[in-house]
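Asks: Position one of the sequence shown corresponds to residue 373 (the numbering used here), numbered consecutively onward.
Treat the hints with caution; some may be incorrect.
[Unchecked claim] If you anchor each label on the Cβ, the simulated ranges turn out as follows:
(1) Ala399 to Arg442: 25 to 33 Å
(2) Glu396 to Lys450: 32 to 40 Å
(3) Lys450 to Gly395: 20 to 28 Å
(4) Ala381 to Ala437: 32 to 40 Å
(5) Ala398 to Ala375: 14 to 22 Å
(6) Ala437 to Glu384: 27 to 35 Å
(7) Glu408 to Glu384: 27 to 35 Å
(8) Glu408 to Lys450: 25 to 33 Å
(9) Ser430 to Asp392: 18 to 26 Å
(10) Glu433 to Asp379: 15 to 23 Å
(11) Leu376 to Leu420: 16 to 24 Å
(12) Trp400 to Gly431: 26 to 34 Å
(13) Arg390 to Lys450: 27 to 35 Å
(14) Ala375 to Pro423: 14 to 22 Å
Hints listed in this document are in silico derivations from the structure and should not be mistaken for laboratory results. Computed from a predicted model, the values in this text were never measured in an experiment. Even for Gly, the Cβ is constructed at its ideal location relative to N, Cα and C.
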Amino acid sequence: MPALLADVATGERVQIARVDLDGEAAAWIGAVGLSEGEELVVLRRAALGGPLHIRTSSGGEFAVAREVARLITIAVVKVREAP
């Protein structure tokens with residue numbers, strides 16, 4: 373089963389693998405720059421199924437509704453260790 377943005381733990385760095393949205397949600401996601409390949413980190417998870425507060429690799433911060441986050445497939449980013 374693929375990993376979904378809705379299931380990402382606070383502080384975890386991930387990369388968007390696929391976005392399965394259409395209509396207004398797809399337009400908003402595209403407008404804020406959340407597309408395949410974008411890296412992001414989950415800063416906070418609102419209680420009671422509320423939105424996720426995320427930061428993109430370019431520094432943008434957004435609240436993403438849990439319903440939308442369930443339609444974004446992600447891959448965990450491996451942290452590179454210093455030589």
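Asks: None of the hints should be skipped; say for each whether it holds.
Replies: Taking the hints in turn, this is what the structure says about them:
{"no.": "1", "hint": "Ala399 to Arg442: 25 to 33 Å", "verdict": "violated (18 Å)"}
{"no.": "2", "hint": "Glu396 to Lys450: 32 to 40 Å", "verdict": "holds (34 Å)"}
{"no.": "3", "hint": "Lys450 to Gly395: 20 to 28 Å", "verdict": "violated (34 Å)"}
{"no.": "4", "hint": "Ala381 to Ala437: 32 to 40 Å", "verdict": "violated (18 Å)"}
{"no.": "5", "hint": "Ala398 to Ala375: 14 to 22 Å", "verdict": "holds (20 Å)"}
{"no.": "6", "hint": "Ala437 to Glu384: 27 to 35 Å", "verdict": "violated (19 Å)"}
{"no.": "7", "hint": "Glu408 to Glu384: 27 to 35 Å", "verdict": "violated (18 Å)"}
{"no.": "8", "hint": "Glu408 to Lys450: 25 to 33 Å", "verdict": "violated (18 Å)"}
{"no.": "9", "hint": "Ser430 to Asp392: 18 to 26 Å", "verdict": "holds (23 Å)"}
{"no.": "10", "hint": "Glu433 to Asp379: 15 to 23 Å", "verdict": "holds (20 Å)"}
{"no.": "11", "hint": "Leu376 to Leu420: 16 to 24 Å", "verdict": "holds (18 Å)"}
{"no.": "12", "hint": "Trp400 to Gly431: 26 to 34 Å", "verdict": "violated (18 Å)"}
{"no.": "13", "hint": "Arg390 to Lys450: 27 to 35 Å", "verdict": "violated (19 Å)"}
{"no.": "14", "hint": "Ala375 to Pro423: 14 to 22 Å", "verdict": "holds (18 Å)"}
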